[in-house]
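A.B. asks: Chains A, B, C, D, E and F supply the protein sequences, listed in that same order.
Using the working numbering, you'd call the opening residue of the first sequence number 130 and step up by one each time.
Using the working numbering, you'd call the opening residue of the second sequence number 130 and step up by one each time.
Using the working numbering, you'd call the opening residue of the third sequence number 130 and step up by one each time.
Using the working numbering, you'd call the opening residue of the fourth sequence number 74 and step up by one each time.
Using the working numbering, you'd call the opening residue of the fifth sequence number 74 and step up by one each time.
Using the working numbering, you'd call the opening residue of the sixth sequence number 74 and step up by one each time.
No wet-lab data here; the hints were simulated from the structure.
Certain hints may be false.
Reference listing, derived: stretches of chain C covered by chain F, where coverage requires no fewer than 3 residues with Cβ under 8 Å from a Cβ of chain F [what the hints assert, rightly or not]:
#, stretch
1, 284-290
2, 349-361
3, 445-455
The list that follows gives simulated cross-link-like pairs (lysine-lysine, DSSO-like), each with its CA atoms no further than 27 Å apart [what the hints assert, rightly or not]:
#, chain 1, residue 1, chain 2, residue 2
4, D, Lys-100, B, Lys-354
5, D, Lys-145, A, Lys-423
6, E, Lys-100, C, Lys-356
7, E, Lys-100, B, Lys-354
8, F, Lys-113, D, Lys-148
9, E, Lys-113, D, Lys-145
10, D, Lys-100, E, Lys-113
11, A, Lys-356, F, Lys-100
12, E, Lys-145, D, Lys-100
13, C, Lys-354, E, Lys-113
14, E, Lys-145, F, Lys-113
15, F, Lys-100, A, Lys-358
16, D, Lys-113, B, Lys-354
17, F, Lys-113, D, Lys-145
18, F, Lys-113, D, Lys-113
19, D, Lys-113, B, Lys-358
20, A, Lys-354, D, Lys-145
21, A, Lys-356, D, Lys-113
22, D, Lys-100, E, Lys-148
23, C, Lys-423, F, Lys-148
24, A, Lys-358, D, Lys-148
25, E, Lys-148, F, Lys-148
These numbers were taken from a predicted model, which means no experiment stands behind them.
No residue lacks a Cβ here, since even glycine has one placed at the ideal position from N, Cα and C.
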Amino acid sequence: MKYGKWMLTLAALMAVSTSVWAADDTASEEMLRVNNTWMLVSAALVFIMHLGFATLESGLTRAKNTVNILFKNVSIVSIGLLTYAICGFGLMYPGGDGGHFLAFAGWGLDLAQGAPGNALGYCGGNYTYWTDFIFQGMFAATAATIVSGAVAERVKLSTFLLFSVIYVAIIYPIVGSWGWGGGWLAAREVGFHDFAGSTFVHSVGGWAALAGVIVLGPRLGKYFKGKSKPIPGHSMPLAAIGVFLLWFGWFGFNGGSVLSADPTLVSLVFVTTSLAAAAGIATSMATSWIVQQKPDLSMVLNGCLAGLVGITAPADVVTPFAAIIIGAIAGVIVVLAVLFIDSKLKIDDPVGATSVHLVCGVWGTIAVGLFSAQKTLGTGDQDLGLFYGGGAGQLITQLIGVGAVALTCFVSAFVIFKVLDAIMGLRVEEAEELRGLDIGEHGMESYAGFQIFTTQ
Amino acid sequence: MKYGKWMLTLAALMAVSTSVWAADDTASEEMLRVNNTWMLVSAALVFIMHLGFATLESGLTRAKNTVNILFKNVSIVSIGLLTYAICGFGLMYPGGDGGHFLAFAGWGLDLAQGAPGNALGYCGGNYTYWTDFIFQGMFAATAATIVSGAVAERVKLSTFLLFSVIYVAIIYPIVGSWGWGGGWLAAREVGFHDFAGSTFVHSVGGWAALAGVIVLGPRLGKYFKGKSKPIPGHSMPLAAIGVFLLWFGWFGFNGGSVLSADPTLVSLVFVTTSLAAAAGIATSMATSWIVQQKPDLSMVLNGCLAGLVGITAPADVVTPFAAIIIGAIAGVIVVLAVLFIDSKLKIDDPVGATSVHLVCGVWGTIAVGLFSAQKTLGTGDQDLGLFYGGGAGQLITQLIGVGAVALTCFVSAFVIFKVLDAIMGLRVEEAEELRGLDIGEHGMESYAGFQIFTTQ
Amino acid sequence: MKYGKWMLTLAALMAVSTSVWAADDTASEEMLRVNNTWMLVSAALVFIMHLGFATLESGLTRAKNTVNILFKNVSIVSIGLLTYAICGFGLMYPGGDGGHFLAFAGWGLDLAQGAPGNALGYCGGNYTYWTDFIFQGMFAATAATIVSGAVAERVKLSTFLLFSVIYVAIIYPIVGSWGWGGGWLAAREVGFHDFAGSTFVHSVGGWAALAGVIVLGPRLGKYFKGKSKPIPGHSMPLAAIGVFLLWFGWFGFNGGSVLSADPTLVSLVFVTTSLAAAAGIATSMATSWIVQQKPDLSMVLNGCLAGLVGITAPADVVTPFAAIIIGAIAGVIVVLAVLFIDSKLKIDDPVGATSVHLVCGVWGTIAVGLFSAQKTLGTGDQDLGLFYGGGAGQLITQLIGVGAVALTCFVSAFVIFKVLDAIMGLRVEEAEELRGLDIGEHGMESYAGFQIFTTQ
Amino acid sequence: MKLIIAYIQPQKLESVKQALDDAGVAKMSVTNALGCGQQKGYHESYRGVDMEVNLLKKVRMEIAVNDEFAEKTVKAIIDAARTGTIGDGKIFVMPLEECYRIRTGETGQDAIG
Amino acid sequence: MKLIIAYIQPQKLESVKQALDDAGVAKMSVTNALGCGQQKGYHESYRGVDMEVNLLKKVRMEIAVNDEFAEKTVKAIIDAARTGTIGDGKIFVMPLEECYRIRTGETGQDAIG
Amino acid sequence: MKLIIAYIQPQKLESVKQALDDAGVAKMSVTNALGCGQQKGYHESYRGVDMEVNLLKKVRMEIAVNDEFAEKTVKAIIDAARTGTIGDGKIFVMPLEECYRIRTGETGQDAIG
Ligand SMILES: Nc1ncnc2c1ncn2[C@@H]1O[C@H](COP(=O)(O)OP(=O)(O)O)[C@@H](O)[C@H]1O
Ligand SMILES: Nc1ncnc2c1ncn2[C@@H]1O[C@H](COP(=O)(O)OP(=O)(O)O)[C@@H](O)[C@H]1O
Ligand SMILES: Nc1ncnc2c1ncn2[C@@H]1O[C@H](COP(=O)(O)OP(=O)(O)O)[C@@H](O)[C@H]1O
């Protein structure tokens with residue numbers, strides 16, 4: 130059984146909750162075909178999130194660094210897929226008895242597993258080996274992309290790419306395997322529940338982002354005499370395009386994480402995901418309007434993502450009403466986090482990656498322990514959330530998971546950044562930063578001919 | 130039966146026309162799973178239309194108002210989904226005997242209906258309760274988005290948001306329920322046919338847009354000594370991105386409105402939708418080339434949308450050839466309407482929302498009465514269109530529907546705008562309009578650093 | 130049998146390789162519904178590639194010609210769909226015994242074939258007649274779009290549109306029918322294998338692009354005293370958006386070309402397609418970094434497309450490992466080709482269309498003869514690739530195909546361009562080219578108000 | 074000959090051009106500028122951090138005229154650009170020594186018009 | 074010292090720069106400008122409404138030179154920028170009182186080059 | 074009255090503005106410019122073709138001052154803009170004949186401030 134505890138739980142849940150997914154139906158060829166098609170559509174949707182990240186990040190930074198940001202985002206997709214094919218997939222889903230800290234299924238891809246004859250036998254006949262790889266592979270690069278936004282406008286290209294290779298090839302899959310690959314977190318009595326990756330994707334990226342910006346330090350001119358100075362992003366349309374595309378892709382990110390086209394679960398996930406995003410928009414707008422007097426578009430865009438990141442862990446186990454609450458809280462948190470991190474902690478994160486992915490990733494993971502309500506939903510036989518009378522068991526597991534991931538990811542990212550900094554340098558030279566990384570790193574401009582003030 | 134007449138007609142049609150959808154197959158779990166998956170994909174496609182509207186509208190307006198437009202479009206998605214969850218869904222699909230003017234199923238969402246055990250029993254086993262909500266909910270915000278484009282560059286943000294809440298929460302679902310929720314229009318002897326919303330979405334938005342621009346008046350500098358002055362949009366790439374994304378989303382908007390993955394109907398709808406859009410492009414190009422001497426990209430973009438709006442009501446009941454005619458006529462109409470409304474009526478609609486969504490929405494609704502040909506298509510047993518020997522019955526119903534919606538929507542939108550204007554003001558101050566709403570309403574700029582003439 | 134050899138081969142392959150697609154399952158209504166839904170989703174994905182081309186091409190050219198490029202791309206979609214409905218579909222899939230050079234099924238679309246009762250009987254019950262048309266129709270415009278990028282910034286609008294009509298209505302479908310419509314290339318003993326169109330789409334477009342730029346000559350100022358001068362594109366974000374959207378669409382372009390939702394094949398195609406693109410990025414980055422000292426974003430974007438074009442012919446018959454090799458070679462080739470064509474051949478192709486679509490289209494077609502390995506994959510009973518011990522049979526057929534298409538397309542495009550040039554002129558006047566085609570051809574600007582240097 | 078430089082509010086460009094035309098001055102050059110004067114700036118805020126913007130958008134006109142036109146030109150600009158509120162702008166008049174028309178090589182007073 | 078302001082057609086910038094270089098003038102500053110002169114504008118139309126555009130794209134060069142270079146500079150510009158068609162542009166020469174090099178604080182003739 | 078034109082490095086704008094403010098000069102106009110001087114350009118390459126960029130981004134400031142302010146202003150700019158590396162920029166001082174405030178019609182020394 131490839132997914133260890135994770136998969137077993139899910140299967141149990143299905144068996145109980147829906148008559149749809151009875152044992153032998155599962156293996157029907159039509160079923161396989163529908164489920165597999167949905168998983169592939171989801172993979173394509175997750176893919177387009179990389180465009181979302183690319184435009185969001187370039188929109189929120191300055192025109193003189195746009196080529197560099199786009200370049201990083203294109204490279205990361207490549208790095209993510211290739212390293213996942215080489216070793217990531219084998220590290221993340223090692224098979225075996227489960228409960229492990231570290232296990233490895235082997236290098237590369239396995240033609241035998243992908244053979245047509247194997248299709249019905251693989252993973253309960255829900256999808257093929259190839260689908261499994263491509264869907265999971267599309268997630269892999271996301272963690273590095275999150276870092277990319279935070280370290281933007283000052284990080285040296287070659288060093289960052291090397292960091293991404295290491296982080297995506299090794300840290301991401303190992304940590305992910307703890308929960309998704311049947312590892313020790315999944316094997317706890319009350320298994321760790323991170324539906325689509327508030328922790329294993331977003332906070333894994335967020336911790337590395339935090340480590341990165343701490344090692345790098347703020348952009349030139351960001352803090353002057355101890356006061357934070359705004360460095361406005363150069364294109365709000367690009368940023369908005371990014372957020373809409375991310376939401377669009379999230380239908381696959383969350384919807385595909387059902388790992389089948391189960392009608393009830395996938396549609397429930399669509400509803401919880403969308404309502405959380407909508408609530409995140411509403412409350413971040415209100416918060417921004419109150420705190421900043423005028424409603425700040427970049428904050429509302431972050432609020433939307435905050436809702437999405439927050440609902441990513443609990444999307445399949447909470448009611449739509451709880452989803453609204455989770456998203457609403459995320460929308461408030463993210464605005465305050467951006468202000469706090471920028472002005473109080475004086476950590477310079479140009480796109481708010483730590484606030485969105487780290488802070489709200491943690492929030493979403495904890496929210497599972499508070500709101501999990503499968504019995505209420507009719508999709509399971511237990512309400513595990515604290516607020517639904519499920520006691521603290523789930524919550525404790527969630528907190529343990531958050532802590533373990535925090536420690537591992539932050540420390541490892543910090544060490545990798547420090548070592549790379551010592552060996553090859555992590556930050557571009559001052560003159561290059563002033564003139565822009567587009568000219569410095571790539572010898573080209575993003576908007577040839579356009580008249581742009583580069584006074585910052 | 131949730132959909133009253135609407136659903137019955139559809140079911141009848143299927144039963145007659147295809148052997149695919151026999152009574153017990155319908156309820157098969159595989160069928161549910163395919164249909165439901167397609168509906169969810171459609172919901173995601175409809176979602177991305179909001180990005181299409183956001184980029185189209187910002188592309189066709191000035192750079193100094195871009196943040197404001199993006200902000201409105203992001204907010205509207207949130208407003209649409211949240212109000213639909215609270216009361217819109219219950220107002221639009223109230224259940225009951227049908228034939229009503231106003232009925233209400235109740236507040237909020239219903240966990241029991243969404244439970245897995247209910248999946249096969251809900252709506253003929255074509256999709257789940259959650260899918261129903263999310264697909265319909267994605268449509269809800271569209272009406273307000275249409276208004277947003279028309280009132281752009283001068284409307285006060287807070288007032289507009291409040292208008293949207295009221296219009297989307299109350300007017301849109303009530304009017305929609307007349308046709309789609311089994312209300313009086315659906316219950317007529319020859320039922321009103323608005324397949325995917327030429328009337329219930331586009332013209333509902335269009336009438337409110339018209340009311341809005343009349344109450345607001347034109348932008349400063351738009352009319353000088355009684356002559357219309359052009360105020361060019363700031364980014365044709367954004368506008369083009371918008372139109373392509375809208376077309377892309379329309380595959381879900383129309384394709385999903387089949388309310389199942391019926392192979393013949395969904396694929397026919399893809400064909401009619403695409404051919405109408407293609408024809409709209411071709412004829413608007415020709416019209417623009419002749420009337421304006423040079424072919425105007427913004428007109429051709431509108432022409433494409435005109436074809437899409439026009440085919441939205443009849444997409445499932447007309448032949449591909451008729452679709453080309455409908456789209457072609459829409460493409461001509463829209464160019465003339467833009468010219469007429471702007472230069473003759475002197476109504477200032479920056480993005481042509483009234484021409485596209487209102488005028489062509491009405492055209493599409495009428496086109497059903499002219500071209501409906503289900504027998505010819507083999508998908509039903511009657512050709513109801515006037516041109517296909519079906520007499521005037523359908524046409525008359527369509528005209529009644531157009532009139533009833535016109536009256537209700539225009540009047541209610543006009544009243545809401547007037548009341549809000551009196552209470553909180555509808556239009557920003559002159560100085561703010563000159564400097565741009567981005568600074569006035571949001572205290573930020575869209576393109577920081579870019580040198581932009583703001584002489585208009 | 131509509132697809133002649135092509136379809137037979139495919140059917141044979143399925144029968145052998147998967148237990149999923151047994152004869153009577155094929156005809157099941159659920160199967161039809163899944164397959165058809167996937168084909169429609171694919172059609173929508175292929176559609177969005179037109180937006181990808183539009184933004185890529187406008188991003189890589191100058192701001193003063195952006196309206197013109199967007200206009201061409203919008204028009205081409207319309208031209209593609211309408212001509213395909215009128216005669217293209219009938220020319221490309223003429224039915225009959227196969228083995229033909231030229232055959233014609235008749236004008237327009239056929240309502241009878243599209244009728245619901247016919248759904249299960251059409252094409253093995255995998256998709257409906259309407260689906261067939263819309264999926265193939267979306268491909269049709271692509272060839273002309275490829276040309277559009279190469280001749281950008283100097284071609285006269287009306288002449289180009291006329292060229293597109295002729296080329297898309299006649300040349301594209303005739304050539305395509307040789308392989309996909311059961312023509313002589315498909316009928317060879319070892320049938321020509323072009324899975325999704327490295328040859329029939331990309332190189333068909335590429336040869337016309339080459340003919341076009343030769344007839345047109347370089348842009349003013351591109352070559353000065355025999356030296357190539359760079360003319361930088363005006364928006365790298367638009368270019369990057371284009372490439373991501375193209376990749377996204379390619380999931381439908383390649384994935385849909387399986388012509389069913391066969392789980393193993395579609396997912397394998399997703400994997401090979403993605404890995405080739407990822408490899409193309411990696412090697413083009415390395416090549417660019419080495420050759421140009423700094424990594425050039427526009428080259429890496431081309432490298433990604435190169436990988437995608439390269440894998441388009443062999444996507445369903447090669448292993449993931451071979452896909453990486455094919456993409457990697459494409460990534461190297463494309464960078465060298467751009468340099469060689471621009472600086473040595475002195476052929477001015479602003480977006481690198483010939484390097485990407487022609488050179489890598491040829492490479493991909495040849496790669497089939499080298500790497501085809503269906504037995505190894507378990508999806509067939511022969512390994513036909515030279516490197517897999519399959520001998521030179523496949524390779525020879527592939528070379529014959531490449532040659533035949535080269536001859537036909539290049540010569541016919543050249544002749545059409547020359548004739549149109551003589552009759553109505555192919556190139557805009559010098560003053561217009563200097564000021565920009567946006568003002569000259571359309572009387573409008575792309576970025577009203579923005580300050581842009583137009584010194585080139 | 075004089076070179077007249079005028080900074081005006083962007084939205085006044087059209088009417089100033091019209092007024093100059095009426096005054097017989099049809100030639101000019103225009104650039105986009107940012108200005109800082111008595112007019113108070115405004116506050117923007119980005120991601121919660123406040124920013125005072127005191128370089129406001131202005132349009133800069135540069136007009137070379139023969140001496141007898143100088144006064145007329147200045148008057149036309151003032152009349153058309155004035156709103157009476159702070160930020161209306163400034164006009165600077167400078168001596169111009171020579172003027173050439175590139176097309177013909179003409180110089181001086183002939184070249185200016 | 075003189076300050077020379079030249080308005081030229083955008084596409085002539087490269088050749089003017091080259092000509093100036095050949096004439097020993099390597100320093101200059103360039104801005105984007107819109108100009109209105111004898112050259113007729115053109116018509117744009119947007120959404121069916123006609124618009125006369127008579128502010129055409131020009132490039133503005135500003136070159137400070139020592140007196141003995143003034144003539145050479147003007148000549149070089151005229152030669153390189155002339156096409157003989159309307160719209161070729163204008164050159165204005167103004168007195169320059171003082172010049173400072175920020176880096177060194179040098180002034181006058183030394184600072185200019 | 075003088076008209077002072079300064080070309081500075083873009084990133085120095087903030088500190089120059091601050092320095093001017095401290096020197097009691099609060100009014101100025103700013104445009105975006107490209108400059109060519111002793112500072113060496115850099116190489117860009119686009120699609121494999123090399124391109125030498127020697128027009129570098131600068132900011133152009135235009136400040137009209139009364140005579141007694143001229144020296145102070147120049148000094149303030151030099152102090153704030155100097156880094157000591159090539160490319161720091163230039164300051165040009167020109168005679169200013171007249172100045173008008175559009176809002177009030179005031180002229181001369183009163184109008185400048
Ligand atoms: N001394 C000066 N030097 C350069 N530009 C100036 C000067 N004074 C004013 N300006 C320009 O004129 C514009 C308007 O000046 P401001 O003082 O705001 O208006 P007003 O003169 O009506 O009070 C400024 O934004 C600036 O561009
Ligand atoms: N009197 C003037 N003041 C300021 N700029 C001028 C003046 N005359 C011409 N120009 C600039 O020179 C450009 C070319 O002038 P134009 O009259 O069209 O050409 P020509 O001198 O060849 O007839 C104009 O677009 C404008 O930018
Ligand atoms: N003679 C000149 N005429 C016009 N602008 C000049 C002149 N000399 C210098 N500049 C402007 O000053 C900028 C800095 O000059 P540069 O020679 O690079 O610096 P430095 O004087 O410190 O050696 C140039 O980029 C240009 O914009």
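A.B. asks: Given the hinted pair Lys-113/D and Lys-354/B, is their alpha-carbon gap at most 27 Å?
C.D. replies: With a Cα-Cα distance of about 33 Å, the restraint between Lys-113/D and Lys-354/B is violated, given a limit of 27 Å.
A.B. asks: Would you mind confirming whether the straight-line C-alpha gap from Lys-100/D to Lys-148/E stays at or under 27 Å?
C.D. replies: holds, 23 Å
A.B. asks: Taking beta carbons only, do three or more residues of the stretch 445-455 of chain C come closer than 8 Å to chain F?
C.D. replies: Per the Cβ count (0), the hint is violated.
A.B. asks: Regarding the pair Lys-423/C and Lys-148/F, is the alpha-carbon distance no greater than 27 Å?
C.D. replies: violated, 41 Å
A.B. asks: Check whether three or more residues of the stretch 349-361 of chain C sit with their beta carbon closer than 8 Å to a beta carbon of chain F.
C.D. replies: holds (count 5)
A.B. asks: Within a Cα-Cα threshold of 27 Å, do Lys-100/F and Lys-358/A meet the stated pairing?
C.D. replies: Answer holds: Lys-100/F to Lys-358/A is near 23 Å, not above 27 Å.
A.B. asks: Taking only the CA atoms, is the gap from Lys-113/F to Lys-145/D under or equal to 27 Å?
C.D. replies: Roughly 45 Å between the alpha carbons, so the hint for Lys-113/F and Lys-145/D is violated.
A.B. asks: Compare the distance between the alpha carbons of Lys-100/E and Lys-356/C with 27 Å, and conclude whether the hinted pair is satisfied.
C.D. replies: holds, 26 Å
A.B. asks: Holds or violated: are the alpha carbons of Lys-100/D and Lys-354/B at most 27 Å from each other?
C.D. replies: holds, 25 Å
A.B. asks: With a cut-off of 27 Å on the C-alpha distance, tell me whether Lys-354/A and Lys-145/D pass.
C.D. replies: violated, 50 Å
A.B. asks: Between Lys-145/E and Lys-100/D, is the straight-line Cα distance small enough, at 27 Å or below?
C.D. replies: At roughly 26 Å apart (the allowed maximum being 27 Å), Lys-100/D and Lys-145/E satisfy the hint.
A.B. asks: Keeping to a limit of 27 Å between CA atoms, is the pair of Lys-358/A and Lys-148/D held or broken?
C.D. replies: violated, 43 Å
Hints 1, 3, 5, 7, 8, 13, 16, 17, 18, 19, 20, 23, 24, 25 from the earlier list are contradicted by this structure; the remaining hints agree with it.
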